[in-house]
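Undergrad: Chain residues, written in single-letter form:
Protein chains: 2
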Amino acid sequence: MTIIEKCIQNKIPEEVKKVAQEEKQPVEFIAKGLVEGTIVIPCNISKLQTTNYKLRIVGIGKGLRTKINANIGTSPQRINLEEEKGKLQVAIKYGADAVMDLSTGGNLREIRKMVLENSTVPIGTVPIYQVACEVSQKGFAISGMDIDHLFEIIEEQANEGVDFMTVHCGLTRKNLAILKKSKRVAGIVSRGGAFLAQWMNINKKENPLYEHFDRLLDIAYNYDVTLSLGDGLRPGAIADATDSAQVAELSVLGELVKRARQRRVQVMVEGPGHIPLDQIEKNVRLAKKLTANAPFYVLGPLVTDVAAGYDHIVGAIGGAMAAMYGADFLCYVTPGEHLRLPTVEDVREGVIASRIAAHSADIVKGVKGAKEWDEKFSHFRKDLDWQGQESLTLDKEKFRKFHPEKLNGAKICTMCGKYCALKISTEIGV
Amino acid sequence: MTIIEKCIQNKIPEEVKKVAQEEKQPVEFIAKGLVEGTIVIPCNISKLQTTNYKLRIVGIGKGLRTKINANIGTSPQRINLEEEKGKLQVAIKYGADAVMDLSTGGNLREIRKMVLENSTVPIGTVPIYQVACEVSQKGFAISGMDIDHLFEIIEEQANEGVDFMTVHCGLTRKNLAILKKSKRVAGIVSRGGAFLAQWMNINKKENPLYEHFDRLLDIAYNYDVTLSLGDGLRPGAIADATDSAQVAELSVLGELVKRARQRRVQVMVEGPGHIPLDQIEKNVRLAKKLTANAPFYVLGPLVTDVAAGYDHIVGAIGGAMAAMYGADFLCYVTPGEHLRLPTVEDVREGVIASRIAAHSADIVKGVKGAKEWDEKFSHFRKDLDWQGQESLTLDKEKFRKFHPEKLNGAKICTMCGKYCALKISTEIGV
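In order, the protein sequences belong to chains A and B.
Heads up, the first sequence is in the numbering used here, so the first residue is 103 and it goes up one at a time.
Heads up, the second sequence is in the numbering used here, so the first residue is 103 and it goes up one at a time.
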């Protein structure tokens, strides 16, 4: 039985109780969200049976704290298992709620094993990456992909315990035709989307993830893998935002959400990408409407194209706004996005930026404890209580580095010294 | 004659033409904005007479590119003229449109002289800082400040060529009483505001900058110094945002804007501070309404209190939204805000983050050339033209560092290598 089926039969599973506890919400609220499809708890059944409860069980969706995901993984150009382990650890240490292993270089099974064994948070993958790599190793282009091979890899990863998978099911032939007619600046920027488009283009066939969606549902059902319906046609440039190809794909994803729900399979929906500030609200509302409030998982979004090297900041701006308007899950963007495979330090920067975005939104989303966190922190700040602030800040190491201990006794910082406004404010009783 | 008077008499000064050229707007548009008070061009008359036109003339206000300011300056704890010079240079190099010297440590005249001599952008100050330092050097608390001394320093700085000055004129006794009745978490977080409140509290007198506002206008008129009406009661915690003290002060600033305009003195208005995401639009619209669309200059705003060490990102989130809703001038926030006097590196990070925020907003504000910049950049990205991207990116040095040259020939980056979506996209003609 999937977690949804258990909730329908009112056999509330442990995971639902754990999420309820962490979110300070009634168990019934979480269960109802799962049944209605507004909440997912990515948690592979085979993992639950084999691991103990050290795992953080993470709920994503309406009424819950905004969650963040960190992408790690090798590329053909950079393959280092230890570095990937370092990225995983740093991502979790700084507060990633989920990690995706997007490796496309080296021994993918070995890397995924390491990630699954060492992660305390849900793990996601994009199975078609492995398919593409294996096809490539045999000397073929992705167009040589065999459909059975694709589903075998999906099942293999499900069997290993992957909790959620990005599947670009909405990139249909019809939508590819829409894209071809449009005058996009950046074309396709999704790797999975590009692989499928290339396959479809050469083989003149329908997207197998769309055509055989029931086969996908079978696997997802058997392992209770959460499907993350990817946006292979997401805009990769401000100029391409909210265009007909993007909206057409989203519309298909909405249909597939219904089918997944009918099958009692957990499903969320992915969103862009590059969106200008004034289209973020529209994008979130449209996604929620077309997908009947499925949890919405956005990449960034990025509100300008030109800030390479600083896309964690660009993504934090877009992510904060998207989450404010209802996005439930933010995929981080690292400073290195568009330029290089992220380093361990890039991962840290990306996670922190994304947490800032998520928390800023949670303050106004009414997430329990969010406002209180800021208020408590600011009381410490007013009292010039540096230890108190450090205990509540996002990055304690940076806090210590930036605030040298020698000044602790004086209760001031080097910014204003004796001219500290907070000190004066307290002296005059305001 | 002030620049406003010249425009009224239709003697369009050179500075107006320069701004019109830079903004790709008709000269008449700029002149009209100056006369109506929706645009300022901070440019001290005495400076104009003595320096050549290497100075960048900067317009701030409605219909113009969103500008950013970088605060530099010493504190009692850190005094290093060379470091301040480094901050000034880095701020200008990375795109600050204005710099404020907020020094409170060391020989303030010497520091300001260095800043004025080396800056190619408008320079702002907060004159009461110098007053407080001089009073303190004499062994007194700020409550010992003499009113004539305050105005002498203001005139001295105007005479030296300071282009704009923050003056906390709206912190009246009435507003201080409102603050005292309120239950703020963080009290007063503005240094200038705190100095004045302490003075008023002990001397039981009205804020001299409010009481003698006409004296201030005389000086501003004589040198055509742009007044930046400071928000001494700005919220310094999310919990304090948009409270009665803040709004009461803003209301007074609105009155003072009228008086400055009557005197043909350029004036802008400062805004917070710490504001949750869902109050930013309201804050900007309220400020514009109460001040009859005076240029609005915000500090951040910061959308959460808890991210010490990363407040440049927090400020970029708030700044992008504020600018989208009409803020004209963003004061950067550095990673070190709340923890330490910014270093040269902090200044660089702060300027870049603030530029990202301003530009993201300019894309949707309809600022000429903003969208086009992104589109051109994205064409280079699609074509895997790394030189082209580098030529248009915000930080060329970081771009080069993040994208190693050795891969240039291969037209890929280490992120995806041969699995590059853009490459595939081009191959299949989309």
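Just so you know, the hints here were simulated from the structure itself, not pulled from any lab data.
As the structure is a computational prediction, the values presented were derived from the model and not from experiment.
Be careful, since some hints might not be right.
Where chains are identical, the list cannot tell them apart; a pair therefore holds if satisfied intra-copy or between any two copies.
What the hints assert, rightly or not - Below, simulated EDC-like cross-link-like pairs (lysine to aspartate or glutamate); rule was C-alpha separation at most 16 angstroms, straight line:
1. 500 with 447
2. 108 with 447
3. 187 with 447
4. 276 with 357
5. 520 with 236
6. 473 with 485
7. 187 with 236
8. 187 with 212
9. 285 with 485
10. 473 with 380
Undergrad: Each hint should be assessed against the structure and marked as holding or not.
TA: Against the structure, the hints come out as follows:
no., hint, verdict
1, 500 with 447, "both (13 angstroms within a copy, 14 angstroms between copies)"
2, 108 with 447, "neither (41 angstroms within a copy, 54 angstroms between copies)"
3, 187 with 447, "within (13 angstroms within a copy, 30 angstroms between copies)"
4, 276 with 357, "within (15 angstroms within a copy, 60 angstroms between copies)"
5, 520 with 236, "between (64 angstroms within a copy, 14 angstroms between copies)"
6, 473 with 485, "neither (19 angstroms within a copy, 45 angstroms between copies)"
7, 187 with 236, "neither (23 angstroms within a copy, 56 angstroms between copies)"
8, 187 with 212, "within (12 angstroms within a copy, 52 angstroms between copies)"
9, 285 with 485, "between (57 angstroms within a copy, 15 angstroms between copies)"
10, 473 with 380, "between (26 angstroms within a copy, 13 angstroms between copies)"
Consistency with the previously given hints fails for numbers 2, 6, 7, ordered from lowest to highest.
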